[in-house]
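The listed protein sequences correspond, in order, to chains A and B. Its first residue numbered 1, the first sequence is counted upward by one per residue in this note's numbering. Its first residue numbered 1, the second sequence is counted upward by one per residue in this note's numbering.
By construction, these hints were calculated from the structure, which means they are not laboratory data. Treat the hints with caution; some may be incorrect.
[As the list claims (entries may be wrong)] Here are some, though not all, of the chain A residues that point toward chain B, as calculated from beta-carbon distances under 7 Å: (1) 23; (2) 127; (3) 136; (4) 143; (5) 149; (6) 154; (7) 155; (8) 156; (9) 189.
Built from N, CA and C at the ideal position, the CB exists for glycine as well.
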Amino acid sequence: MTQTTISCPHCAAPNEPGDAFCGSCGKALPLAKSSPRLVDTNQIPTSGATSKLVSDDLKKQTKKAANALLAVGILRLVLVGLLTFGSIQSQVPGGIKAVPGGQLFIIFGVEIGMVSCLFFALYFWARVSPLPACIVGLITYATLIGINVVTFISLAKANNAIGSPVGILDIVIVVVLVNGIAAAIKQRRLLTAQAGVAA
Amino acid sequence: MTEPTTDSSSFPEPDAAVSLETPTRRFCKRCGASWQPEWPTCPHCDRAGSLGPVAAEISADKVAIRRAVILYAMLLGVSIISISVSLVQNAPLGAGGLAVESALFAIITACFIFLAPRQALAAYAHTGSAIWYLLAPLIALGTVAIAAGIIHALHVYAGVEELHYLDVFKHYRNPLLVGIFWIALMPALTEETAFRGLILGFLRPVLSDNEVILVSAGMFAILHLSPVGFPHLFLLGSVLAFVRIKSRSIYPGMLIHFSHNLFVLILEHSGH
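Given the sequences, and given the hints that come with them, work out the whole structure.
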């Protein structure tokens with residue numbers, strides 16, 4: 001008879017060759033690639049392999065959430081830098097020098113310096129606790145979009161309209177941040193689960 | 001935690017196919033989620049059937065954060081509209097504009113109270129210890145002193161204009177009283193309900209206490225859209241969130257907020 005089952009290394013129960021987790025004890029079989037789905041924190045099967053998978057997943061989700069913030073910081077730095085450079089160069093009607101009081105320049109300056117720095121700071125916070133950092137990131141970005149709308153209105157009033165106040169990049173960044181929050185929520189639950197297992 | 005107890009001696013059956021389907025199966029072989037023998041398929045892999053407790057916790061977290069962010073975004077919308085209006089008319093909002101702003105703020109907050117009465121009413125159910133009410137004016141004095149210090153320092157060293165709140169009420173017979181109503185009383189009621197009542201209530205199950213204080217204070221400070229005011233508003237927001245959590249009531253925070261704004265107005269009125 002050909003071998004149609006593999007036995008679990010932890011409890012020796014028979015499993016099918018493609019299985020990732022033992023049906024009997026729930027511990028990771030050699031094929032498992034991710035940590036077991038969390039259904040009940042009291043029901044996490046523990047073995048060396050499973051707890052390594054959980055801690056790997058924990059690191060992965062933390063990294064995913066933190067990287068979302070890092071990506072936003074870099075994106076803003078690059079894009080706003082390019083925009084500022086471009087509008088100084090071309091001296092378009094909406095360019096910085098055309099705006100009375102250099103209001104736009106201040107806003108761009110704030111965006112280049114403070115916002116990118118803020119997102120880099122949030123990145124380091126997120127590596128420790130991703131969820132609050134990602135929430136702060138999202139609300140800050142939402143506020144930035146709001147400030148852009150106000151700038152747009154004040155420029156439109158001065159007949160210096162420069163395109164739309166909300167760009168595709170803003171939408172992309174919001175999606176990135178929302179995904180970061182989703183990863184951070186999962187990270188937090190994995191952390192609770194891991195603490196529950198350790199206790 | 002259930003440590004698996006199945007040992008190899010319980011699988012002596014000659015036919016492996018039978019033992020695979022025996023009720024000893026307690027975990028999904030594909031995703032590792034726990035399994036009830038009576039389930040025909042794993043509800044977690046197939047995304048059918050009821051969610052397990054942790055999956056439900058995760059979706060509850062998502063709902064809570066979504067609510068907090070949406071409430072924040074709507075309040076931000078009100079802030080942006082009022083700033084835009086004042087930009088277009090080249091003057092700060094007068095009493096009429098402030099009334100509309102407060103009304104919008106209150107309507108949005110009321111909608112969210114209706115949506116999630118549990119979080120909102122939890123803050124109103126407790127009155128908190130009397131000591132907080134005695135401390136409230138003292139705390140407000142402290143925050144006002146720090147705020148005045150920060151703004152004065154910004155004025156002296158960075159040339160930032162100092163904030164004037166009573167100018168828009170100049171044409172009233174008693175600018176201070178009108179100012180107290182629109183700038184001290186209304187924000188104390190609406191902002192406290194929105195930030196320390198709802199947003200803090202939404203985020204509290206999701207974050208630790210310290211994180212909630214930081215995040216809600218950040219939201220409170222950013223929403224005012226005033227770079228000059230940010231440092232002292234962040235401080236005030238942290239203090240209010242701290243008092244809200246420690247006193248388990250929203251009223252001491254309202255009193256601190258009211259006293260803080262009141263002292264600022266009195267200072268301005270008396271010419272300091």
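Structure-based check of all given hints:
1. 23: Residue 23 of chain A check passes; min Cβ-Cβ to chain B is 4 Å, inside 7 Å.
2. 127: At about 15 Å, which exceeds the 7 Å cut-off, the nearest Cβ of chain B leaves the hint on residue 127 of chain A violated.
3. 136: holds, 5 Å
4. 143: With a closest approach of 5 Å, the residue 143 of chain A hint holds.
5. 149: Given a least distance of 6 Å, the restraint on residue 149 of chain A holds.
6. 154: OK, holds: residue 154 of chain A within 7 Å of chain B, min 5 Å.
7. 155: violated, 10 Å
8. 156: violated, 9 Å
9. 189: holds, 6 Å
Hint compliance for this structure: hints 2, 7, 8 are not met, and every other hint is.
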